[in-house]
Every structure is written in structure tokens, then in C-alpha cells.
Amino acid sequence: MTGPICVLAEQWRGRISEVTYEALALGREVADRVGVPLTAILTGCNCRELTRMLGAADSVIYVDHELLAEVVPQTCAEALVQIFAGARPRVLLVPLTNISLGIGTFVGVRMGVPVINFCKDIRITGDKLEAQCVMYGGKIEATVEAGAPSGPQPVVLGIWPGVRPADKGRAERDVPVMDMPVVLDDTQAVRLCRYIEPEAGDVDLTKQEVLVAVGRGIQDRGNLPLAEELVKVLGGALCGSRPVIDQGWLPLSRQVGKSGLMVKPKLYVALGISGAPEHVEGMKDAGLIVAVNSDARAPIFNVAHYGIVGDVLETLPALTAAIDARKAAAPHA
Amino acid sequence: MGTCSVTLETLSQYPEGREILTCIQCGVCAGTCPYGDVMDYPPRRMIAMMRAGMLEKVFTSDSLLACVACYACMAKCPRGIRLTEILLPLMKEQTLAHLPELPGELQKALQNTLRYGNPMGEPSRKRAAWVKTAGVPIRIFAEDRRPADALWFVECYTSYYPRGQDNSRATARVFHRLGIDFAILGNEEKCAGECGRLTWEPGLFETLMDYNMAVFQKYQFNRVVTSCPHAHNAFKNRYPALGFNWGLEHVTPFLAKHLDRLKPLLTRKLPYTVTYHDSCCLGRQNEFYEAPRQLLAAIPGVKLIEMVHNRVNAICCGGGGGGMWLDTYFKAKGYERLSERRLKEAAATKADVLAVSCPYEVSRFEDALKVLGFDKRIVVRDVTELLAEAMEE
Amino acid sequence: MHILVLLKMVPDVVEDLEIASDGKGLDLEYLRMILSESDDHALEQALLLKERHGGKVTVLALDAPEVDDALFTAAAKGADHVVKVVGMDPGFTTRQAAGFFSQAIAEQPGLMPVDLVLTGVQAIDDLDGLVAPLVADELRMPYLGIVTGIVLDAPGRPARAIKEFPAGVRGEFEIRLPAVLGIQAAEKPPRYVPVAKVRAAMKSGKIECAEVPTLADDGWLAVNILEMKRNQPAGHAEMLDGSPEQACEKLCGILAGRGLF
Chain A
1 MTGPICVLAE QWRGRISEVT YEALALGREV ADRVGVPLTA ILTGCNCREL TRMLGAADSV
61 IYVDHELLAE VVPQTCAEAL VQIFAGARPR VLLVPLTNIS LGIGTFVGVR MGVPVINFCK
121 DIRITGDKLE AQCVMYGGKI EATVEAGAPS GPQPVVLGIW PGVRPADKGR AERDVPVMDM
181 PVVLDDTQAV RLCRYIEPEA GDVDLTKQEV LVAVGRGIQD RGNLPLAEEL VKVLGGALCG
241 SRPVIDQGWL PLSRQVGKSG LMVKPKLYVA LGISGAPEHV EGMKDAGLIV AVNSDARAPI
301 FNVAHYGIVG DVLETLPALT AAIDARKAAA PHA
Chain B
1 MGTCSVTLET LSQYPEGREI LTCIQCGVCA GTCPYGDVMD YPPRRMIAMM RAGMLEKVFT
61 SDSLLACVAC YACMAKCPRG IRLTEILLPL MKEQTLAHLP ELPGELQKAL QNTLRYGNPM
121 GEPSRKRAAW VKTAGVPIRI FAEDRRPADA LWFVECYTSY YPRGQDNSRA TARVFHRLGI
181 DFAILGNEEK CAGECGRLTW EPGLFETLMD YNMAVFQKYQ FNRVVTSCPH AHNAFKNRYP
241 ALGFNWGLEH VTPFLAKHLD RLKPLLTRKL PYTVTYHDSC CLGRQNEFYE APRQLLAAIP
301 GVKLIEMVHN RVNAICCGGG GGGMWLDTYF KAKGYERLSE RRLKEAAATK ADVLAVSCPY
361 EVSRFEDALK VLGFDKRIVV RDVTELLAEA MEE
Chain C
1 MHILVLLKMV PDVVEDLEIA SDGKGLDLEY LRMILSESDD HALEQALLLK ERHGGKVTVL
61 ALDAPEVDDA LFTAAAKGAD HVVKVVGMDP GFTTRQAAGF FSQAIAEQPG LMPVDLVLTG
121 VQAIDDLDGL VAPLVADELR MPYLGIVTGI VLDAPGRPAR AIKEFPAGVR GEFEIRLPAV
181 LGIQAAEKPP RYVPVAKVRA AMKSGKIECA EVPTLADDGW LAVNILEMKR NQPAGHAEML
241 DGSPEQACEK LCGILAGRGL F
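Residue numbers (the numbering used here), protein chains in the order written: chain A, 1 to 333; chain B, 1 to 393; chain C, 1 to 261.
The following block holds chain A by itself, in its conformation from the complex (with noise of 0.2 Å):
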């Protein structure tokens, strides 16, 4: 008998992570055509009440431990192979995000089944699992079989945030819970101290209807000046991806992506930023999302509504005198 398609639920600081949700949308599409059922996993201590989030699947399996208040990857993938050990998935997907991240590939390595990463859809038929991955830092596309003995094996499926509009896999309702016990070792090698929060910023970013987002492509610091114009003609506020806050450009609350903000404005203007899944999550969910670059073949077009191929630093200028002109022809428009 084959597995339910099972969601590892992703939770921090007392709610359900958005990435949750694509992956209970993904599943969803899998169990219907495998038909099986698709079953959520929450860990935690004390928060069983975000069960109820997870309605998108048909049942929600609870683990509640103390040592589960915080994610530590090692702890989580014990507790899931113990829930595991009785009834095995077909699919297990788990986020690849800054939380979740190693969580599968202990589950993979302790229960001795295969990991595949970068999945964006999954196919299976009979006892054979392809899955489409996407490699490379987003250049590649790659249709992957996981290696098939006699009987479907369970595969554990690490997926990037955005595979599947969260929305689809929003539901709230009354969804049958599960609590399971897990005997954890308390020696605690790992333990989470204290958060450090970052340093309260002059601007809130997901507060912005317009954002103007500085890459790599902006060059130099001394060019900063140019997207600033940009952001006086526009309105909205100045953010980076990583590249430009690691330099020291802009500050950490300045940092969109997978480390930094998401933010879904109505208007994002990505400017020389090649589109790396890490930033991409930060900002996929924009209303109108427009690119500069000058690589034709920059990912970000890829999940850009518009896009101008060039160089940042001539466009950028051209951009803002054409808004100043348009501003100035018609004020009261």
C-alpha cells in the first residue's frame, strides 16, 4: 500500500511559515493524481492550535515536545523518523529554507531513503518518483528518478519557496489531528540562546507600496545615489539584495530574500539583480514586479512581469527622467 504525501509544516515564532502553505499546494496536487491522502506534520511545543491552519490537507499529524520549541534540525529529523517507523510516506517534502534547511537530509540518511533538493514538481507512477529539479542556481532544469527497488521507496523532496502560490494551499478549518509522542535525547548539543533582532531600521520595508531593489548590477556604492533618485521620483524606499548588504551598502533592514524580508509590494523594481531563488523568495509575491539587467538571461526575468536588458547604470537614470518628465506633463493626472 502506498504512503500519504506528507508536508513537514514549517512554524517560527508562533505562526505557520508562507512556504508552508506552496508545499501543502504542491502535495495537494500529488495526492489527488496518486490518490492518497496528503497528511501535514507540525512540530512544536505547545502550539497544537496551529493545526488549524493546515486544512489544506486531510489530516494533520501533531508532535508536541519541548525540544521542538525551536527547530533544530537534528532534533526534528528524530522525531520524524520515529513517527515514520510505523506507517512509511510515499514523499516527504520539507522547505529549503533558512529554518528548515538539513532537516530532510538527516531524514534521508536515518531512514536510509533518497533526498532530492530543488524540486519544483513531482511525477509518480507506480513505484517509479521523477521529480523536476531545478540546479545550477536556477540555470538548469533536471528531470531526476530516485533509485526504485521492489516497492515504492519513501523519497524526501527538499523544495524552494515559491514552487506553488501559497494561496492554493491556504485553508483554514477543523482539520483531524493526530498527537504523537516522541522519546527525544535531552543531552541538548544544540540549544537556541537568545534571538538577536536586527537594529530597528528608519523604514519597514513590507510597509511599502513601492520598493526599488539594488543588486550586484548597481556596481559601486557611489551609485547608490542614482536608485535614490529613482525612489524620490517614484516614492517607496531603497532596498538590496544580499550582495549589496554584505558589502555594507545598505543595512540589514534594508536586505530583501531569503535572510532578509519578504515584501509584497505593488510595485518592485529589481535593478541589476540576477534573481538567485535566495532573493526571489523575498519578493516573488509583488503586485508588478520589473527587471533591469544586463543578461538576457538573468532568472529574474523569470519571474518578472517586465524587463529591459541593459546596463543598470544607464537605464536607471533614463528611468527616472522619463517618470520626472511624465510627472511634470501631467501633475494633476
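Calculated directly from the structure, the hints in this document are not laboratory data. No experiment lies behind these values; they were computed from the predicted model shown. One or more hints might be untrue.
[Said to hold, decoys possible] From the derived model, a few chain A residues whose C-beta atoms are all more than 10 Å from chain C:
| hint | residue |
| --- | --- |
| 1 | Val113 |
| 2 | Glu145 |
| 3 | Pro165 |
[Said to hold, decoys possible] Not the full set, but computed from the structure, chain C residues with beta-carbon under 7 Å of chain A:
| hint | residue |
| --- | --- |
| 4 | Arg176 |
| 5 | Asn224 |
| 6 | Lys229 |
Idealized CB from N, CA, C, for every residue including glycine.
With the hints as your guide, set chains B and C onto chain A.
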């Protein structure tokens, strides 16, 4: 040139080294240096520290990052000490070894040059992509091994940068109209090694020279003609030690030699007032002052006007010595960018066009135009671009 | 103190990646390999810790094109000991890579004991697993990933590691040593080392080789690539062309049309 054999220890054993020790501490070098007012150790002070046995302080300061290898100090030194050619490279090499951290942009440029053969980190397999847009046939040696009279060494900015590609297209068209027999290395070409930048990195320079010499030896040509003055100087001053014995020209003086055949082709009138910026490498280093002016004067309609500082006194655009990749660093220190200083001088002439003959300058001056808000007042064009424009119907 | 750094070479994506004629892998003729970016950070972090606390840094890398460059560069930067794992069949996956690392660590003299094993948190070709968790599991050591800072207290005390969370939040963890850490970024960008120093390391230094046979076929754990192609995503931006002025004029119209300014 004994740049490699002279070290600080062996200074007094070589004529070039002993020359340094004849400094009379007059301070003309510091006075002429465009960043003399912000440098902790301009050449005069450097030599004083050497004599006082306190050279360590020079290398542990970041003063030398402000040297843009413009040759102004060397051109004015009353003793004729080869400051930019001998002293400064030695000091820079030591500074690199002592600097706790190299400014990120410069570091990336050096790493990219080593790995991809260009400081921008562009793929080596796209270096000749611009050729398809040239509009005239351009022969690539790897595809067609017949001998050519000239090997046109295009260089990095002129291959990858959009405005640099404008220059390359213009050059190709002018060559074509003149019937020059040329071919390029295409994707096999790697940076020649820019002396100023690579005084920081002699090991990298050697790696590039070894590579380029090996590629040159595969093909047959009489001369190297290059669009980049820094490449020109590398080939002139450093490559002969590895056996470089071909003719050498920079595009601008090369075209000036063909002026009698070029002039009848310049049929279109360009009614511009043009001021010419002498690049450090072509100007002070090689004294190619008149060739570019002759070319410009040959264009019908062009009126030449000089900036206050011209020829040997020209003010550097700030791109040499690694300066192209140190703007962030200079900005953080509050230094005025030399390209902005020079552009103000150009605008003061009320010229329509600032003419240049070095690929760095187009990039740097157009940048300065945006920052200063002068874009409606003056445009930047390479001399070759103007020639090509004057050839159009 | 002894820190072990694990390095892996990955395809360099600056040059366009071409697909091999059988459609199942990358075309090796045009492929260049480069040190995985976060592995470079792991090395830098190790060198920073050595500068702060003394001790020894050993670098272990898997045989691949251009790996010698990476190892000599590591030596020129200050690594005390560089070791290359050789003898494996090429074209190995991450899971196999971790297996080779673990085997070499167990069998090659001088690699153990170790206080910290540092490696990049993730590489662009980590299709079937991540090195750090796999090695941590094999060595039975605690693991933490997405690390951007490490503080070592007195010997015998746990180390403190900073891990990145979303929204710019960071977490300070206590982790018992010896441990395996997946480095996201070093506390400072990887340092520059002059080419002359790397060349000097090449002339005077030697890379020690650790012979590791290819592991027994764990076919049931393996993943097979059936097909590879250039990524042609479902959606793509509508491209606005022309000169910068023309393209921006069009864009301006679109933004105005949507009332965005």
C-alpha cells in the same frame, strides 16, 4: 626596464634605484599629484621615510590606494626620478602584503581578471560577442589563421561594456574603410595587464603576460594595434622582457599615420566644438599629444578648444592604478572624484564634446556627467567614434 | 585547536552551461569548475578563528578539475595542511561526496581529532543531500547550518554560533564541540591572496593525497538524472527593447497606466 630586479633591499645596486636616492625633497611631485593633498605619503615623503628607515609606516598606511598612476609626479620631477615606473610599484606591492583588507571592488576586479581574463567577471566565451553587431566583417585568428598585417588587440572594456562596444564598432568601420588588414583574437583574448592596476599584483601580471605571449606566438602578424592605452603601455614596457618584438600602435596615433588617406573619407560635417582630454598613458607616458588633435582637426566642422590643463599638465580621470575600482573607497574617504574635477574643467570650455582616447575615460566621464548633472551640456566621445560619425553618409 | 574545512568544486555558472549530447548531464568540454562559494566562506571563517585563537587549519578537498588551484590558494591564505581526496570515479553526487569526506576523515592519519568541521551550508549542485548534515551524521557530531558567526569560549566549553533567520533576525546557539557547521557567510568576505603567493605555494608546497575507493553501490539511495536542459521557465517577463530611453519610456507608460506614480 629593471622593474622586476629592483627591490627595496637592492635599491642602491641599480642605477634606477640610486636615482631614487637623488631626490632633493622639493615637493613638486606632491604638488602636482591630483590627490597630493589627501595622500599621507606622496612620493617626496615616501623617500624621506625611506631615508629615515621608517618605510614600514608607508606600507601599513593605505595612502598608496590614492595613487592613480597618472605619471604627473614623474613628468615634473626635476631629478627625472622614475617615480611611477619604479618607486611606486615597489611600494604598492609591499602595501598589498600589509593591508589587512583590500577594498572589495578592487579585489573582485583582480580575481576576475585572473579567472576570466577581464576585470568585470564576464564570461570569456562572450568576449567577441560584439563582433556580430559591428556591421563590417571582422576576422578572428582562431577561425581563420591566415596572416594579417595588424593584430587588433581590442581589450576588456571595449569588448564587454556597451559604450566600449560603440568604440569597437567605430574602430572596425574606420579600419574597414581604410582597408586595414587586421584580425582579432576574439574569445582567446585576455586582459593584457594594466600596469597601474597590476602594480598591486605583479604575479597576476606575469600570469597574463605568459598567456598572451603564448597566444601571440600561434599567429602571424606584423604589428599589434590596440584600443586601450594601458594595454599599449604594457606591451611597450613589460612584454619585451618576454620576447614581444612586433610593431606596436595605439589606435589613435595609428590612424593619424593614415591621415592623408583618412581625410577624404571624412565627408560629413560635425559642427561641434571639441575639447580633447589627454589620457595619462598616451599623453605624459608616450607624448602622443598632437596625433589625436590632428585627427580631430581633420573632421570638417570641428573646432578645437583646449582645457586649462592640457598635454603634459592634463588631470587624470582617476581610472589608473586600480582607481577604476576604488570609487567606493574614495567616496568613503570623502575625496573628490578626479573625473568630476576634470569634467568641470571640460564644461568650462563651453565645448559640445569632450573627446577622449581611452576606454576608461568614456565610462568615468559619462558617470561624472550624471553625478554633476551636466548631461545636457556636454557629451563624451572617443576620437574614433567621431571619425566614424564623420564617415557616415 | 584543530579546524577541518571541507571544500567542493562546483560548475562555474559565469560561463554558459551547455548540455552534453546525451542530454543527461553538463557538457564537460566547456565546463569550468570553481570552489563552491559558501565553502570559500567556510575557509575564511576557519582562518579568522585561527587568527583569533591560534591552532591549526586543515583543508580537505575532493579531486575535481581546478581543485589544485583552490588548495594552493587555501595554503597561500594560511591553511596549515591541504589534503586532496583521490581515487573516486568522477561524476559523484553530494551524498557520495559526503561519504568520501567521511571515509577520508576516518582513515587518513592526522585529520582527527578535530574541534570544528566547517563547510559551506549548501552548494548549487547539492541535488541529493547536503554535505554538512551528512558528515555530521557519519561522524556522530552535532550540526548547525546557515551560520554567519562563531565565538569560541574556553576549551572544553561549547562554542556559540550565530545562525541567520528570516527578516534579518539572528539566533545565537550554543553547540557542543566537536561539531559540524554549515557556513552561510564568514564574518568577513574571503580575503585576497596575491597570485605570486599562490605560485609560491605551488612551488614549495605539496598537496597530500588521501586515497579513497568509490563506495559500494548504494543503489537504493541513488538518484539518477534522466534528462537535463536549459531552464525554460513557464513564465517570462515581457521584454521592453530599444535604447535605454525608449525602453524606459515604454515602462513609464505601463507604470502610469497602473497609477503607480
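Okay, the hints, checked on the actual structure:
no.: 1; hint: Val113; verdict: 7 Å, violated
no.: 2; hint: Glu145; verdict: 5 Å, violated
no.: 3; hint: Pro165; verdict: 12 Å, holds
no.: 4; hint: Arg176; verdict: 4 Å, holds
no.: 5; hint: Asn224; verdict: 5 Å, holds
no.: 6; hint: Lys229; verdict: 6 Å, holds
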